[in-house]
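In order, the protein sequences belong to chains A and B.
Residue 55 in full-length UniProt numbering sits at position 55 of the first sequence, and the numbers go up by one each step.
Residue 220 in full-length UniProt numbering sits at position 220 of the second sequence, and the numbers go up by one each step.
Honestly, the hints are just simulated from the structure, not real lab data.
Careful, some of the hints might be misleading.
[Said to hold, decoys possible] EDC-like mimics (lysine to aspartate or glutamate), calculated; alpha carbons at most 20 Å apart, straight line:
{"id": "1", "chain 1": "A", "residue 1": "Lys281", "chain 2": "A", "residue 2": "Asp142"}
{"id": "2", "chain 1": "B", "residue 1": "Lys276", "chain 2": "A", "residue 2": "Asp33"}
{"id": "3", "chain 1": "B", "residue 1": "Lys66", "chain 2": "A", "residue 2": "Asp33"}
{"id": "4", "chain 1": "B", "residue 1": "Lys316", "chain 2": "A", "residue 2": "Glu217"}
{"id": "5", "chain 1": "B", "residue 1": "Lys316", "chain 2": "A", "residue 2": "Asp142"}
{"id": "6", "chain 1": "B", "residue 1": "Lys316", "chain 2": "A", "residue 2": "Glu30"}
{"id": "7", "chain 1": "B", "residue 1": "Lys62", "chain 2": "A", "residue 2": "Glu24"}
{"id": "8", "chain 1": "A", "residue 1": "Lys281", "chain 2": "A", "residue 2": "Glu262"}
{"id": "9", "chain 1": "B", "residue 1": "Lys66", "chain 2": "A", "residue 2": "Asp52"}
{"id": "10", "chain 1": "B", "residue 1": "Lys276", "chain 2": "A", "residue 2": "Asp142"}
{"id": "11", "chain 1": "B", "residue 1": "Lys62", "chain 2": "A", "residue 2": "Asp52"}
{"id": "12", "chain 1": "B", "residue 1": "Lys316", "chain 2": "A", "residue 2": "Glu24"}
{"id": "13", "chain 1": "A", "residue 1": "Lys48", "chain 2": "B", "residue 2": "Asp277"}
{"id": "14", "chain 1": "A", "residue 1": "Lys63", "chain 2": "B", "residue 2": "Glu287"}
{"id": "15", "chain 1": "A", "residue 1": "Lys13", "chain 2": "A", "residue 2": "Asp226"}
{"id": "16", "chain 1": "A", "residue 1": "Lys125", "chain 2": "A", "residue 2": "Asp110"}
{"id": "17", "chain 1": "B", "residue 1": "Lys316", "chain 2": "A", "residue 2": "Asp227"}
{"id": "18", "chain 1": "B", "residue 1": "Lys62", "chain 2": "B", "residue 2": "Glu287"}
{"id": "19", "chain 1": "A", "residue 1": "Lys48", "chain 2": "A", "residue 2": "Glu24"}
{"id": "20", "chain 1": "A", "residue 1": "Lys104", "chain 2": "A", "residue 2": "Asp33"}
[To be verified] Here are the simulated distance ranges between beta carbons:
{"id": "21", "chain 1": "A", "residue 1": "Trp284", "chain 2": "B", "residue 2": "Ala85", "range": "28 to 38 Å"}
{"id": "22", "chain 1": "B", "residue 1": "Ala129", "chain 2": "A", "residue 2": "Pro237", "range": "49 to 59 Å"}
{"id": "23", "chain 1": "A", "residue 1": "Met242", "chain 2": "B", "residue 2": "Pro325", "range": "22 to 32 Å"}
[Claimed, not checked] Reference listing, derived: stretches of chain A covered by chain B, where coverage requires no fewer than 3 residues with Cβ under 8 Å from a Cβ of chain B:
{"id": "24", "segment": "45-58"}
{"id": "25", "segment": "213-226"}
From a predicted model like this one, the values you see are computed outputs, not experimental measurements.
From the three backbone atoms N, C-alpha and C, an ideal C-beta is built for every residue, glycine too.
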Amino acid sequence: MSSDRLAVRKTYKLYVNGAFPRSESGRTYEVTDAKGHFLANAALASRKDARDAVVAARAAFPKWSGATAYNRGQVLYRVAEVMEGRHVQFCEEVAAGEGLSSGKARAAVDAAIDRWVWYAGWTDKLASVLGGANPVAGPYFDFSVPEPTGVVAVLAPQRSSLLGLVSVLAPVLAGGNTAVVVTSKERPLPAVTLGEVLATSDVPAGVVNLLTGDAEEIGPWLAEHDDVDAVDLTGAPARRAMELERLAAGSIKRVLRPPAEEPDWTADPGLARMTPFLETKTVWHPMGV
Amino acid sequence: MTDLLDPHALAAETPPRREPPAPFRDVTRSGAAFRAFLHGLPGVDQVGAEARTAVLGTRSIKTTAKAWAIDTAIAMVDLTTLEGADTPGKVRSLAAKAKQPDPTDPATPQVAAVCVYGDLAGIAREALAGTGIHVAAVATAFPSGRASRAVKLADVQDAVANGADEIDMVIDRGAFLAGRYLDVYDEIAAVKEACGDAHLKVILETGELVTLDNVRRASWLAMLAGGDFIKTSTGKISPAATLPVCLVMLEAVRDFRAATGRQVGVKPAGGIRTTKDAIKHLVLINETVGPDWLSPDWFRFGASSLLNDLLLQRQKLRTGHYSGPDHVTVD
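Please model the complete structure; the sequences and the hints are all you need to start from.
This is the structure we're talking about:
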């Protein structure tokens, strides 16, 4: 029966504001597997898609950052649940894109889902670990609490298409930020599937926006955008990193510099990817008499 | 004022009906004749109108043309606040924004007018003195238009006395939809009279007129009765200004000028929030009625949030990078 059935081929699109638009530019590009065989035509996002994504992320910020930390943890855990249901699909895409054996691809997907769960657990613990009551020399209660930075533009890792993506996206969300992500250019398919996962979990529209395309093309527009509060340059081309950081300085963004080369994502991430996108608010309150 | 509110006071001295301009002098001789004239206007092809505006909406306006379009659109904005919670302070801050929309760039043009409720027209007039920016006031029991004619006329006179030089009136949609066209005509004519020197914009509230045929009829009715502008909507009803509605109204003012020699302006209001929407309207004007209407004297945008988007796009063109809502004022 399989031979005479018409193939149902998928259109890979962007994920912006909870919907799946094509690129505003109408552009697409060919995605190949690790051996160079054709896999799919993905949307090639333009600067205007990035602009729309920032508008969506900004609009989603008050609700997401205003949700209780506990609720954010529940929502993120739900994402991991839905990812688990797509396990086979993720494995196929990671194996094809990264050229891994099925066993290694499976390990990468398992690690990605576990990583998401790990960050989901952090949402309501950050305040205790990073904040607290400060001893001050006066009759005041003095508290420090971490608050999300705002809209974070993330240039996702180019090599690790799922574990790497999750490792940079989940920490941004856990702190209460909203994200505009430019995915791996050569290996965007797991990101597209992650968009489908996010759309069918409880993450509000606009909290995550995934743009498949070229970080070198879109990166500067996001780095210079006045309404983006922070940039994670992990997936930026090494030779452009300095320039991107300079562009980001115009609007005093938080910048997370790229590592010299893509790290081993299976290592324990610690808090290093959450703290750059948190601001510390300190409140002084008179003790009274 | 009490004698004006007495319905018999006016009925006793009903003035003769204002005559429409030639060659339409006799169309208002009776209700039946007026109805026959309005219903004799060519029908509107709704599918065609939508297709035409959809095609024009795809025009790509870039670089210098876009810069010109943005500045033109800013100069056409009727900066509006029509909330129950409006205060003198809010009107003054709106007036300040009208004078200098973008404090970071003094080259930004001023807007055309500030549009407020009649009781705040005096505050706006004072704040805008000497700037050349018009003060528009909504009147005639805005937005519903549900009041007696005497009350509506008093509303208009009050707004004019407070310093408004443009009056945005609403038509009686109930009378229009019931087919009492002459009543609507007489009311517009009476309001025009009460306006004195003030410009009269006639709000058709197209969202309640249901069909594009009705929009064409209401446009002609308002122009015959002496309106200086025809305006789509109050902004309180959805759908408000849509491109097909604007197309029909532009065709009406074009045909009206061809027939009578009098030019009437058009003001879409409500629902125009982005620079892209505004530029689509400018393209529509240029392709429908030509550049004669591409001026704040003949075309206005009734808007509040549109101005901020225009300013953001203007900043983008000036600086080369995207701006954000932190860089414009919160109204």
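Looking back at the hints listed earlier, which ones does the structure fail to meet?
As far as the earlier hints go, 2, 3, 5, 6, 8, 10, 14, 15, 16 are violated by this structure, in ascending order.
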